[in-house]
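Q: One letter stands for each residue in the lines below.
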Amino acid sequence: MTKMKFTHGIRPANPSTLMKSPFNLIGHRLVFAGALLLAAVSAWAQAPAAAPAAATPPAAAPVAPPTQEERLTALEAYVTNGDPVKGPLVGNAGPGHNAWMMTSSALVLFMTLPGLALFYGGLVRKKNVLSVLAQCLGIAGLVTILWWAFGYSLVFGKSFNSPYLGGSEYFFLKGVTSAPNTDYAYWVSQNVFSMYQMMFAIITPALIVGAIAERMKFTAIMAFVALWMFVIYFPLAHMVWGSSGLMNGVWNGDAAIKAIDFAGGTVVHMSSGWTALLLCIILGPRLGFGKDKMAPHSMVLCMVGTGMLWVGWYGFNAGSAVAADGVAANAFMTTTLAAAVAAFVWGLIEKVLRGHASILGFCSGAVAGLVVITPAAGFVDSTGAVIIGVVAAVIPYIFVTKVKAAFGYDDALDTFGVHAVGGTLGALVTGFLATDAVNGNLSLIADATKANPATKNGLAALVAHGGLWVEQAKAIGITLVLSLVGTIVLAYLVKATIGLRPTPEVESQGLDINDHGEEGYID
Amino acid sequence: MKLILAIIKPFKLEEVKEALAEVGIEGMTVTEVKGFGRQKGHTEIYRGSEYTVDFLPKVKIEIAVSDDMAGKAVLAIVKAAKTGKIGDGKVFVVPLGDVIRIRTDERGESAV
Numbered sequence: 001m002t003k004m005k006f007t008h009g010i011r012p013a014n015p016s017t018l019m020k021s022p023f024n025l026i027g028h029r030l031v032f033a034g035a036l037l038l039a040a041v042s043a044w045a046q047a048p049a050a051a052p053a054a055a056t057p058p059a060a061a062p063v064a065p066p067t068q069e070e071r072l073t074a075l076e077a078y079v080t081n082g083d084p085v086k087g088p089l090v091g092n093a094g095p096g097h098n099a100w101m102m103t104s105s106a107l108v109l110f111m112t113l114p115g116l117a118l119f120y121g122g123l124v125r126k127k128n129v130l131s132v133l134a135q136c137l138g139i140a141g142l143v144t145i146l147w148w149a150f151g152y153s154l155v156f157g158k159s160f161n162s163p164y165l166g167g168s169e170y171f172f173l174k175g176v177t178s179a180p181n182t183d184y185a186y187w188v189s190q191n192v193f194s195m196y197q198m199m200f201a202i203i204t205p206a207l208i209v210g211a212i213a214e215r216m217k218f219t220a221i222m223a224f225v226a227l228w229m230f231v232i233y234f235p236l237a238h239m240v241w242g243s244s245g246l247m248n249g250v251w252n253g254d255a256a257i258k259a260i261d262f263a264g265g266t267v268v269h270m271s272s273g274w275t276a277l278l279l280c281i282i283l284g285p286r287l288g289f290g291k292d293k294m295a296p297h298s299m300v301l302c303m304v305g306t307g308m309l310w311v312g313w314y315g316f317n318a319g320s321a322v323a324a325d326g327v328a329a330n331a332f333m334t335t336t337l338a339a340a341v342a343a344f345v346w347g348l349i350e351k352v353l354r355g356h357a358s359i360l361g362f363c364s365g366a367v368a369g370l371v372v373i374t375p376a377a378g379f380v381d382s383t384g385a386v387i388i389g390v391v392a393a394v395i396p397y398i399f400v401t402k403v404k405a406a407f408g409y410d411d412a413l414d415t416f417g418v419h420a421v422g423g424t425l426g427a428l429v430t431g432f433l434a435t436d437a438v439n440g441n442l443s444l445i446a447d448a449t450k451a452n453p454a455t456k457n458g459l460a461a462l463v464a465h466g467g468l469w470v471e472q473a474k475a476i477g478i479t480l481v482l483s484l485v486g487t488i489v490l491a492y493l494v495k496a497t498i499g500l501r502p503t504p505e506v507e508s509q510g511l512d513i514n515d516h517g518e519e520g521y522i523d
Numbered sequence: 001m002k003l004i005l006a007i008i009k010p011f012k013l014e015e016v017k018e019a020l021a022e023v024g025i026e027g028m029t030v031t032e033v034k035g036f037g038r039q040k041g042h043t044e045i046y047r048g049s050e051y052t053v054d055f056l057p058k059v060k061i062e063i064a065v066s067d068d069m070a071g072k073a074v075l076a077i078v079k080a081a082k083t084g085k086i087g088d089g090k091v092f093v094v095p096l097g098d099v100i101r102i103r104t105d106e107r108g109e110s111a112v
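Chains as they are written, first to last, in the working numbering: chain Z, 1 to 523; chain U, 1 to 112.
So here's chain U without its partners, still in its complex pose (with noise of 0.2 Å):
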């Protein structure tokens, strides 16, 4: 099993949510974060004083997934959320020990 952590662009939520749905994703959890990368921040000027704003605003999805799902999954986040342009974001997928369904106490892959 596999988590796979994906942080993209927010206009880019709608989209990516229907490419996982078409290869068969069925869950995800979604937060606004803010956060920066290469893309660093920008700056607004207000009269004569210029800040620098650090953190962007991004859009981080969670989703479990069996491994043999993990790579479609990945691929479709990445097609989706793809601009080109810099601040497109990153995908982590990181192992994944267990998995529990809290209503049926199922556990591990039939749980995901």
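Isolated chain Z, as found in the complex (with noise of 0.2 Å):
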């Protein structure tokens, strides 16, 4: 996720080019609609007679009031997502972006609830409906108490110093108030900025749900996530978008790593799906896997289930600009684009080559497009995320149909082969087709007092002359290490303590009846 802070490479208004003003106006309520006083600007010059206001400041006044340039520029800034610098708008957050966020941030969560847990649970057995749908409401609750607790501060904090984990001071959301942290966004709200971000976190694990479905018991379930948090996410997602993060290229002028991830591939997508594969394996199959009809039960579930996917994406993907700016346009734009040729091209390859064009393979297509387009959607253009919606079908669909196969794990509801393959490409491919066009955050700036980080570490350089690749495949390779490391010894623990798997009877009948004690479907 890039912390806009400057679109489209427009820098804050620079001061000195505003106009002056022999005027100071009263008040520091600036509620104006930015751009009716920048329209007024213009204005200015032929009708002085305009600004009567008075030239004095009130008696009471303690401080000074803004004069006119200050107040201009910090509204230019407003309109630009600009630096407020010292002006009279700090510590306010900015309306439109704000509600753009809020936005945003019920957006992602519709993503989980209920268009995950619908998608998931349409693929399922009419027995073990509930049960996703249980664990995606349990996880949902769970990650915001730790989130509330620890994970906010432990991502987006900076006390430890460290490339590696954030800080403690937000420990309980203290401090996390509707003033903007300008370390991430300058005129988005943190408390509005911390919930958004927590969206995210809820949706990685119950990404891993797919993986896993029919077979894991719901406490066990519980505490491999409780502890996932921790090892993997919380980490992982500090390291990519802290702003002190170790491969926050965009962000982190002293990043090691200059790598560059929009909205998730690698602490979204790659770790959940890489995590899911080996704890479906280390679980083993379903009972009855290969010789069973393990069959959706509900097609139509799981399509009202993606169109939610989809349309909650937008708050996914272009909210990650932090902003309602012109990166969060572009964004939208190759969002809808990857989706759709994705969806389209994953349907035309089966209709070619078996005859029927599928509803699941359209509702696949789509979310393997999004999945692929989630580390990119900042930073390519029209042509990269058509580009992207053809790979995002072909080779995620080689996988969820020849590899799985070929190798026989039960992966149940493809969460490897949609979401682990889709992010690592989706990391890969952004290597290749970023552009600073549409992101001034990429930009080389020559001058080095105005240099913005990705110049400072080098990456604007490597988006500029090639060889950003090599960026994101170290970033893939960490993130790859991370999460099959810690899958396996958090596996082995749960596995060890309260135990992994329901009873065989317990999963012949069903986990709804069993862990849930309701029925989906009463005949």
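No wet-lab data here; the hints were simulated from the structure.
All of these numbers come straight from a predicted model, not from anything done at the bench.
No more than 35 Å apart at the CA atoms, straight line, and that leaves these computed lysine-lysine pairs for DSBU-like:
| hint | chain 1 | residue 1 | chain 2 | residue 2 |
| --- | --- | --- | --- | --- |
| 1 | Z | Lys404 | Z | Lys127 |
| 2 | U | Lys2 | U | Lys79 |
| 3 | U | Lys9 | Z | Lys127 |
| 4 | U | Lys85 | U | Lys17 |
| 5 | Z | Lys351 | U | Lys82 |
| 6 | U | Lys34 | Z | Lys126 |
| 7 | U | Lys40 | Z | Lys127 |
| 8 | U | Lys34 | Z | Lys402 |
| 9 | U | Lys9 | Z | Lys351 |
| 10 | U | Lys34 | Z | Lys404 |
Dock the two chains into a complex; use the hints.
A: Structure below.
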């Protein structure tokens, strides 16, 4: 996720370029629409009479009110998502950016509840539909508590001054108020930012559920996820998105690995997908796997869930600009193109190779397209997005149909084939397709005094001259090692303590009635 | 007396019912059933997983008739249910020991 301070290469407005005004305006509540005020700027010189505001500050004012120039600079910074510097708007959220981020937060939650829950729920057998819904709901609650207590701080704090983990200053969301945390966003309230990021922390472990569906104890899943957040997610999210993160090429001028990940190709999809593969192997296949019919019980629910995922993904990707700015707009477009192209191409491949374009094929393609565009959304242009849509259909198709069958692991709902493969693919192709034409944060800036972090750490040069894919490959490697090693340790830990699987009797009868005491469908 | 059991394609039920009514059959019992014969089932593919569905949905019609009606009824069923393609179904005709109309206690031919 890039925390956009400057978009499209627009630097914060330089005060010297702004019109000088002899007038001081009273008032410290700047709630004018930014555009309106900017329009007024051009009219100013022609109509000085239109600004009859008193030149003298109120007698009671303890400090000098901001000058006209300072106020305009601050509003320009709001409109361009720039730095309010020390102007009168410091400490205020920008309403437009804040509104979009609250909307995006709700959209990302909508991806899990009910999007992913229905997508997965439709794909399992009737007797296990509720178990999937319960796992998604349980994870939403559990991760929220962890995030409030420790998670946000461990990812986005900085008191540890470490490339691997954040800090302790925001434990229990202490000090997380409506004022922006300008390490990440100039114009978005930190409480909104923390909730937005929490929605990512919720959906990531929920994705794992797909691989181990229909055969893991509810308590074991909750225990595994709780540990997994601390061992894998929090450190990884800090490394990729934290302001002092090891692999945060866009934002950390001292990043050792100059990689980019716009909305979570590594953090979300690779981490959950590779974990899912190992966990489903350690867990073993479902009883009767390869013999019994395990067809989806409702393709209708699956399609409904897919549509919700797609809609929610606009919050996931376009929201990852952490502003309602030009980068968000570009991510909105690329997300749409990649998803639609991948859905269509997957259906086309099925039609040609098998004779039927299936609903599950269209759904798989759409999700795969969304996964692969995720790390690239704010860094590639429309052509890049269409290329990504095509590869997102072809490569995951091969994995879920051929590779899975060849190796025989029971990745029940294809979390590995879609999310791990898609996330890895996305991280890599971002290394080839990223361009500073759509994202000024990647621009090479010659003037050393104005250099952005990407220029300082060398990322901008890699984008301009090629070679970014090597950094992306390093980030992929670290994500892989952390996910795989962490998962092996945690899975065996949970297996040794509370056990991973229900009894065969429970499993064949179904998890719904046994783990949750309910049935999805009463005849 | 004969009991006629006919297993037919579900979409042919309406035509068979009308054909039987035309030859004077006044009642029948219909059940949705599953099974397979030479047609076998079909395969469904979900991503990489292929499942063979052995049992296909069919409709079973049961009618009790007098001996002289049996031939006409069977002909009506076969004619109406035929598509000429595999999976059209089968008709079984079995002798019927007795029939009782519960309301009136009638037995035999008059109860059919």
